[in-house]
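Peer 1: Construct the entire structure; sequences and hints are all you get.
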Amino acid sequence: MGDLNAKDEMDNAGYEDIMGRHGLEEGTENVDRFANVYALNKQVIGDTVFPHKRIHKTTWTSPDHGTQDQTDYIYINKKFGRTMEDVRTKRGAYMALDHHLLVAKIKSKPKKH
Numbered sequence: 010m011g012d013l014n015a016k017d018e019m020d021n022a023g024y025e026d027i028m029g030r031h032g033l034e035e036g037t038e039n040v041d042r043f044a045n046v047y048a049l050n051k052q053v054i055g056d057t058v059f060p061h062k063r064i065h066k067t068t069w070t071s072p073d074h075g076t077q078d079q080t081d082y083i084y085i086n087k088k089f090g091r092t093m094e095d096v097r098t099k100r101g102a103y104m105a106l107d108h109h110l111l112v113a114k115i116k117s118k119p120k121k122h
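To convert, take the position in the sequence shown, counting from 1, and add 9; that gives the numbering used here.
Hints are computed from structural coordinates only; laboratory data are not their basis. Small disclaimer: the values here were computed from a predicted structure and weren't measured. Just so you know, not all the hints are guaranteed correct.
Calculated pairs, DSSO-like style, for lysine-lysine (alpha carbon to alpha carbon, straight line, at most 30 Å) [stated by the list, open to error]: (1) Lys62 - Lys87; (2) Lys88 - Lys121; (3) Lys88 - Lys116; (4) Lys121 - Lys99; (5) Lys62 - Lys88.
Peer 2: Below is the structure:
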């Protein structure tokens, strides 16, 4: 999981193999650096693959509830990318942070001996 304060854009041109088209619309100057690091490490950004309402994608909300951002992400090795079934935020979970809990649903098959 990461927090680079880099918002992934809806346009994933050039990064189709590591990110989906379902991130929030805004982007920052850190997007290219952010995507290049994870492309180099052969990782997939799980949050951008699954379509959800905006409320289930935002990981941070300002104290006045006027600004919402998606700055926290779950990364998984590309080899295991298809094991991820869903990624969404859980807004009701109490944490002493200003970020919402980000949860990934992963299916796994036990290894046979």
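Peer 1: Next step is simple, just say for each hint if it's right about the structure.
Peer 2: Tested hints:
1. Lys62 - Lys87: 25 Å, holds
2. Lys88 - Lys121: 19 Å, holds
3. Lys88 - Lys116: Distance of about 14 Å is within 30 Å: holds.
4. Lys121 - Lys99: 34 Å, violated
5. Lys62 - Lys88: Satisfied, since the Cα-Cα distance of roughly 27 Å is no more than 30 Å.
Checked against the numbered hints given earlier, the structure breaks only hint 4 and satisfies all the rest.
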